[in-house]
Amino acid sequence: MSAGFRTLLWKEVLRFWKVSVQTVAAPVLSALLFLMIFSHALSSHVEAYPGVGYTQFLVPGLAMMSMLQNAFANSSSSIIQSKLTGNIVFILLPPLTPGDIFGAYLLASVARGLAVGAGVFAATFLVVPLPVASPFWMLAFALVGSALLGALGIVAGIWAEKFDQLAAFQNFLVMPLTFLAGVFYSVKSLPPFWQAASHLNPFFYAIDGFRYGFFGQSDVPPETSLAIATGTLCALSWLTLRLLRSGYKLRS
Amino acid sequence: MTPAVEVRDVRKRYGKLDALDGISLTVEPGEFFALLGPNGAGKTTLISALGGLVRADSGELRVMGHDVIRDYREARRSLGIVPQEIVFDPFFSVRETLELQSGYFGLRDNGKWIDELLERLALGPKAGANMRSLSGGMKRRVLVAQALVHRPPVIVLDEPTAGVDVELRQTLWAFVRELNAAGHAIILTTHYLEEAQELCSRIAMMKAGRIVALDETARLLAAFSERVLRVKFAGCELPAALAAGASLAADGAWRLPVEGAAQVESALARLREAGARIEHLEVAEPELEEVFVKIMANAGEAAPVPA
Numbered sequence: 060m061s062a063g064f065r066t067l068l069w070k071e072v073l074r075f076w077k078v079s080v081q082t083v084a085a086p087v088l089s090a091l092l093f094l095m096i097f098s099h100a101l102s103s104h105v106e107a108y109p110g111v112g113y114t115q116f117l118v119p120g121l122a123m124m125s126m127l128q129n130a131f132a133n134s135s136s137s138i139i140q141s142k143l144t145g146n147i148v149f150i151l152l153p154p155l156t157p158g159d160i161f162g163a164y165l166l167a168s169v170a171r172g173l174a175v176g177a178g179v180f181a182a183t184f185l186v187v188p189l190p191v192a193s194p195f196w197m198l199a200f201a202l203v204g205s206a207l208l209g210a211l212g213i214v215a216g217i218w219a220e221k222f223d224q225l226a227a228f229q230n231f232l233v234m235p236l237t238f239l240a241g242v243f244y245s246v247k248s249l250p251p252f253w254q255a256a257s258h259l260n261p262f263f264y265a266i267d268g269f270r271y272g273f274f275g276q277s278d279v280p281p282e283t284s285l286a287i288a289t290g291t292l293c294a295l296s297w298l299t300l301r302l303l304r305s306g307y308k309l310r311s
Numbered sequence: 005m006t007p008a009v010e011v012r013d014v015r016k017r018y019g020k021l022d023a024l025d026g027i028s029l030t031v032e033p034g035e036f037f038a039l040l041g042p043n044g045a046g047k048t049t050l051i052s053a054l055g056g057l058v059r060a061d062s063g064e065l066r067v068m069g070h071d072v073i074r075d076y077r078e079a080r081r082s083l084g085i086v087p088q089e090i091v092f093d094p095f096f097s098v099r100e101t102l103e104l105q106s107g108y109f110g111l112r113d114n115g116k117w118i119d120e121l122l123e124r125l126a127l128g129p130k131a132g133a134n135m136r137s138l139s140g141g142m143k144r145r146v147l148v149a150q151a152l153v154h155r156p157p158v159i160v161l162d163e164p165t166a167g168v169d170v171e172l173r174q175t176l177w178a179f180v181r182e183l184n185a186a187g188h189a190i191i192l193t194t195h196y197l198e199e200a201q202e203l204c205s206r207i208a209m210m211k212a213g214r215i216v217a218l219d220e221t222a223r224l225l226a227a228f229s230e231r232v233l234r235v236k237f238a239g240c241e242l243p244a245a246l247a248a249g250a251s252l253a254a255d256g257a258w259r260l261p262v263e264g265a266a267q268v269e270s271a272l273a274r275l276r277e278a279g280a281r282i283e284h285l286e287v288a289e290p291e292l293e294e295v296f297v298k299i300m301a302n303a304g305e306a307a308p309v310p311a
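Chains as they are written, first to last, in this note's numbering: chain L, 60 to 311; chain V, 5 to 311.
Read the hints as simulated data drawn from the structure, not as lab findings. One or more of the hints may lead you astray.
Stated by the list, open to error - List time: in silico DSBU-like cross-link candidates among lysine-lysine, alpha-carbon distance up to 35 Å:
(1) L:K77 x V:K20
(2) L:K308 x V:K298
(3) V:K20 x V:K236
(4) L:K142 x L:K308
(5) V:K298 x L:K221
(6) L:K142 x L:K221
These numbers were taken from a predicted model, which means no experiment stands behind them.
My request is simple: use the sequences and hints to build the entire structure.
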């Protein structure tokens with residue numbers, strides 16, 4: 060680990076931590092609002108897994124959704140802000156390698172994801188006690204899920220030239236994919252077509268596997284989910300490193 | 005000796021515009037070099053290519069012997085660029101900004117040099133202030149400090165004094181001169197030609213992506229500008245013996261080319277002989293501005309029309 064990489068990682072973590080009310084507390088509050096509304100509206104109607112109440116079922120899904128969305132927001136907004144204000148030159152002029160840049164933005168996104176996820180559990184654990192069937196699976200999916208979206212955020216931040224392009228990426232890709240990834244329901248309750256469609260969504264595996272870490276039950280075996288999520292992460296990382304190496308939209 | 009900067013036949017095209025149309029130049033270690041030209045001449049593109057912000061279509065660029073693409077890490081370690089635009093990261097204070105920049109270059113315990121930079125650029129009282137709260141001139145100083153955190157042997161200043169007050173200019177030039185005396189090569193772009201004339205030992209002039217003049221400052225001045233005697237008088241016509249090279253300015257003063265003090269003496273003697281009553285008199289030194297205007301005008305005729 061080079062000193063340049065460590066510094067950039069530190070800077071990226073400081074960047075969101077200095078405004079943590081906005082970057083951590085606000086998404087935790089949103090997750091709590093979702094929890095209140097959906098558990099109130101649906102708790103008497105649905106039992107997703109045998110022996111698991113709807114509110115309990117909902118918490119890990121909401122936590123993972125918040126982690127995914129915030130990991131994406133962290134790298135993408137940092138890069139586009141630096142591009143638009145011009146201070147990206149502070150990173151482009153030093154001898155940082157593409158791997159340094161990729162790793163630092165990715166890990167900072169993971170840190171933000173974990174901070175938000177921890178916040179959601181901290182805010183709900185008294186009201187909604189959860190079992191922890193397997194800390195290993197829980198942690199593995201938390202890391203891989205945040206990293207997946209952190210990498211996607213880097214791609215989006217590099218690609219977008221304006222804030223509204225980034226917003227489009229967020230609103231038309233990240234939001235629908237996270238909302239439709241089985242946060243609010245078990246995909247087993249869906250009609251066959253939508254069940255199959257859900258299985259094409261990589262975010263679904265992150266949420267489903269993460270939930271396994273709590274309840275020991277899931278729609279897909281956690282090994283399969285982790286393999287698919289990690290595979291997607293590897294493919295996306297390869298693409299991101301290629302973009303950084305080529306200087307795409309960063310070095311004209 | 006390895007040149008500080010070596011640029012060989014570098015080309016860069018943006019659509020139909022040749023931003024760099026075959027640029028070659030060499031800057032020696034310890035040299036104070038000016039890169040001059042009108043807006044859009046390609047100066048900033050060339051600097052950006054040197055720093056790896058822009059990729060040249062062809063040609064080679066080296067900093068302290070390191071290719072800016074193949075050996076980019078060493079090349080960038082050897083180079084400090086003060087960008088033309090004022091940019092900053094609003095999340096951090098002045099000191100944090102400099103500490104982060106040091107870290108990107110792999111320097112961990114750089115506090116002593118950061119303190120010195122803060123002091124030399126008169127930023128000490130603002131070290132803890134957020135970047136957002138600084139005036140434009142102060143932000144510019146931070147950019148200079150950022151470019152110097154890793155003590156690069158080659159320092160590029162891209163219009164560092166545009167819109168900057170007299171105090172900063174003087175602080176900056178005193179510091180840059182000292183760095184130059186300590187062996188750092190300095191490359192300066194500026195629209196204030198008197199700065200270039202005073203500071204730089206060699207000058208390249210660019211127009212439309214090409215180098216149209218490249219020589220020592222003194223030789224450019226000697227070749228394209230001259231010392232003139234400006235004299236306003238009444239009582240007679242200009243003596244015929246002084247007519248060669250003479251021109252009449254709008255204010256009614258004559259400009260007579262003179263090479264040294266002896267010629268000034270003899271010109272005045274002739275005027276007196278002719279019965280002139282001298283009303284005003286001054287000797288003007290050669291000016292880079294005159295050189296610049298002449299070279300740009302000549303280059304304009306020769307320059308090809310962009311396709």
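The hints, checked one at a time:
{"no.": "1", "hint": "L:K77 x V:K20", "result": "violated, 45 Å"}
{"no.": "2", "hint": "L:K308 x V:K298", "result": "violated, 39 Å"}
{"no.": "3", "hint": "V:K20 x V:K236", "result": "violated, 51 Å"}
{"no.": "4", "hint": "L:K142 x L:K308", "result": "holds, 10 Å"}
{"no.": "5", "hint": "V:K298 x L:K221", "result": "violated, 43 Å"}
{"no.": "6", "hint": "L:K142 x L:K221", "result": "holds, 9 Å"}
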